[in-house]
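Residue numbers (the working numbering), protein chains in the order written: chain A, 10 to 229; chain B, 70 to 529.
In case anyone wonders, no lab produced these hints; they're calculated from the structure. For clarity, every value in this text was computed on a predicted model and none was experimentally measured. Glycine included, C-beta positions come from ideal geometry on N, C-alpha and C. No incorrect hints appear here.
Calculated lysine-lysine pairs in the DSBU-like style (CA-CA distance at most 35 Å, straight line):
1. LYS66(A) to LYS84(A)
2. LYS273(B) to LYS18(A)
3. LYS18(A) to LYS272(B)
4. LYS106(B) to LYS361(B)
5. LYS18(A) to LYS265(B)
Estimated spans, in silico, between C-beta atoms of each pair:
6. VAL213(B) to TYR49(A): 20 to 30 Å
7. PRO48(A) to THR482(B): 40 to 50 Å
8. LEU14(A) to SER321(B): 52 to 62 Å
9. PRO305(B) to ARG127(A): 49 to 59 Å
10. LEU223(B) to HIS67(A): 29 to 39 Å
Derived list of chain A stretches under chain B, where covered just means 3 residues or more per stretch with a C-beta under 8 Å from a C-beta of chain B:
11. 15-28
12. 171-177
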Amino acid sequence: MSSQLFTSKHNTLARLTLLLFVAGGAGFLGFMDMLHRSPYVRYTKVRREQPIPFSHKHHTSLGIDCRYCHTSVEKSSFANIPPTQTCMNCHNIMWNDSPMLEKVRESYANDESIEWTRVHDLPDFVYFNHSIHVNNGIGCATCHGRVDQMPLMWREKPLFMKWCLECHRDPSQFVRPDDKIFDMAFDPKSQSQEERDALVESYGIDTANQRLTNCSICHR
Amino acid sequence: MSNEVKRDPDGQLPFISGHSLSSVSEKISDVTTLPIKKMPKFWYGGMFLGLTVVQLLFFAIFVLVTRGTGIWGLNNPVGWGFAIINFVWWIGIGHAGTLISAILFLFQQDWRMSIARFAEAMTLFAVVCAGLFPLLHVGRPWLVYWLFPYPNTLGMWPQFRSPLLWDVFAVSTYATVSIMFWFTGLVPDLATMRAKTDLVWAKKIYHGMSLGWTGAARHWHRYEIAYLLLAGLATPLVLSVHSIVSLDFAVSNEPGWHTTIFPPYFVAGAIFAGFAMVLTFMIPVRAIYGMKDLLTERHMNNMCKVMLFSGLIVAYGYAMEIFFGWYSGSPFERFMVLNRADGPYAPSYWALILCNVMVPQLLWSYKIRTNPIMVFIICQFISVGMWLERFVIVIISLHRDYLDSSWAMYAGTRWDWAMYIGTMGLFLTLVFIFIRTLPIVAIFEMRELVHKEEHKEDSH
Chain A
10 MSSQLFTSKH NTLARLTLLL FVAGGAGFLG FMDMLHRSPY VRYTKVRREQ
60 PIPFSHKHHT SLGIDCRYCH TSVEKSSFAN IPPTQTCMNC HNIMWNDSPM
110 LEKVRESYAN DESIEWTRVH DLPDFVYFNH SIHVNNGIGC ATCHGRVDQM
160 PLMWREKPLF MKWCLECHRD PSQFVRPDDK IFDMAFDPKS QSQEERDALV
210 ESYGIDTANQ RLTNCSICHR
Chain B
70 MSNEVKRDPD GQLPFISGHS LSSVSEKISD VTTLPIKKMP KFWYGGMFLG
120 LTVVQLLFFA IFVLVTRGTG IWGLNNPVGW GFAIINFVWW IGIGHAGTLI
170 SAILFLFQQD WRMSIARFAE AMTLFAVVCA GLFPLLHVGR PWLVYWLFPY
220 PNTLGMWPQF RSPLLWDVFA VSTYATVSIM FWFTGLVPDL ATMRAKTDLV
270 WAKKIYHGMS LGWTGAARHW HRYEIAYLLL AGLATPLVLS VHSIVSLDFA
320 VSNEPGWHTT IFPPYFVAGA IFAGFAMVLT FMIPVRAIYG MKDLLTERHM
370 NNMCKVMLFS GLIVAYGYAM EIFFGWYSGS PFERFMVLNR ADGPYAPSYW
420 ALILCNVMVP QLLWSYKIRT NPIMVFIICQ FISVGMWLER FVIVIISLHR
470 DYLDSSWAMY AGTRWDWAMY IGTMGLFLTL VFIFIRTLPI VAIFEMRELV
520 HKEEHKEDSH
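Given these sequences and hints, build the entire structure.
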């Protein structure tokens with residue numbers, strides 16, 4: 010027909026366009042989902058730039074307890090980053106002329122905080138209490154990974170909501186005895202299910218009625 | 070042609086008169102192919118008004134997104150305000166299109182042909198306007214995809230027990246099916262437009278959109294089957310969408326909401342409001358584009374009958390609400406009824422009764438049903454009335470419920486009004502773009518009708 014601007018070869022083009030819409034749409038959604046979960050967005054296992062290249066690995070290998078610096082982890086909703094004073098407790102005696110620690114001395118002299126890059130930052134709409142986790146059988150390593158083996162700090166877990174819920178739905182997978190909280194090498198899965206259930210019981214974690222997964226537990 | 074129009078054997082006026090096959094095509098496609106300078110002032114006026122008012126919408130959305138839903142009049146206890154009122158109002162308006170195109174098609178009501186295209190377009194535009202409100206009410210519209218169940222990183226599905234989620238599915242299905250239905254119905258006409266237009270670029274667009282339609286018998290055959298299937302798909306939607314919208318209320322236990330009459334009462338209200346809106350646009354369009362021979366007074370008469378009928382169901386709903394207040398034996402239900410009639414919002418309740426129950430009774434008269442000006446005025450009453458109905462349902466139940474220590478008053482702020490009026494601008498703009506770019510009456514169906522009229526005697 011002469012009134013037709015398009016010829017039959019355009020049929021293939023039309024079909025390809027349809028395919029492109031479907032495949033392109035699916036591809037785009039898939040890409041966005043992968044991007045959302047990627048270390049590029051989530052910073053999982055990405056070593057973060059810090060003003061001073063502080064090594065947790067080195068300091069824990071000296072036998073320093075987590076709580077020597079992070080003093081509030083058991084007592085406060087907020088797990089603190091130590092003040093410069095804590096660094097200077099040792100470093101005014103040892104390595105006190107190391108160029109690497111210049112910024113620490115500077116901070117101490119000027120009474121200005123070191124601006125660390127925060128690695129574990131939950132969104133503001135999440136109510137998170139650090140002490141209640143530490144006091145009820147959740148060890149450092151469960152959320153923060155093997156910090157004792159990290160030369161520079163990184164985020165071990167992606168901090169997705171489903172990751173929080175994994176434990177809130179069934180805390181017995183992750184609880185450990187009170188004396189193992191700061192034991193970085195301890196594996197909660199090395200205990201039997203009965204032992205872990207008993208721990209949940211002993212901590213008084215209320216698993217009835219899905220209380221821990223109530224929206225208002227975290228979103229207040 | 071003589072001025073005396075030949076009546077049907079049953080004494081009815083025909084749905085189309087004084088047309089031949091080609092004059093129908095010319096008349097309808099002329100509206101679209103008219104050079105831009107020859108467009109009637111009505112079109113320019115409508116487009117100008119629409120584009121002006123839609124700026125208000127853009128501005129209101131901009132302020133809303135930058136400052137948050139706090140700019141609205143929502144408070145505690147009235148957590149649902151204009152957003153849901155307007156959402157329900159717009160969704161309801163869309164229902165006439167689906168009813169006309171799907172149910173009347175299945176019942177083989179030929180009179181639907183000349184109004185179906187326009188009504189379907191209005192359905193789509195109304196769904197667009199409706200969708201804006203829940204989208205913006207979520208507060209962070211860029212995260213609205215959270216409403217859909219997909220394997221996400223939250224470790225949670227949406228709450229499948231919530232009617233608000235059912236709404237998401239109901240409305241998105243409605244939008245999808247409506248757009249497919251509308252487009253399928255357009256294909257043969259797009260091919261006609263391709264032939265009628267002289268502009269090369271417009272020709273190309275019509276050509277691409279007509280999907281290679283040649284008018285071959287095989288095409289018609291497949292088209293008829295596809296249209297029938299889509300009509301079958303769309304038919305349950307006429308009833309389901311507004312039923313589900315009504316469950317947003319009925320599933321909760323607020324006084325005045327928790328009643329089983331809500332689904333049918335909402336569906337009837339939707340059809341009532343929808344026909345009023347179709348007539349609101351049809352009456353000026355038929356006058357200005359000289360389409361009185363295609364959109365006849367008999368159409369108006371029929372549509373008014375539908376309005377009268379659905380209006381009576383709505384009136385029955387109002388009566389039942391009062392009855393339930395007494396019959397439930399619940400002091401809260403009883404208080405709600407009294408609070409409607411005699412509370413601080415009593416004027417809106419009585420205005421609603423005036424607009425939706427009293428004024429439509431005029432439609433019992435044949436003279437009024439076929440008088441365009443009267444019908445137009447009644448339609449305005451109905452549109453206002455249906456908005457008031459949702460206002461009464463949403464606000465009066467919420468503002469004073471069980472706990473009288475948390476009673477409060479609610480009023481829309483200027484931003485609430487800006488959004489609402491703004492969506493009317495959006496609707497108007499879309500309607501006038503539609504009038505300019507696509508045939509507002511289905512050309513091929515009109516030709517079919519002409520053919521039927523011509524051969525009416527043969528069949529006997």
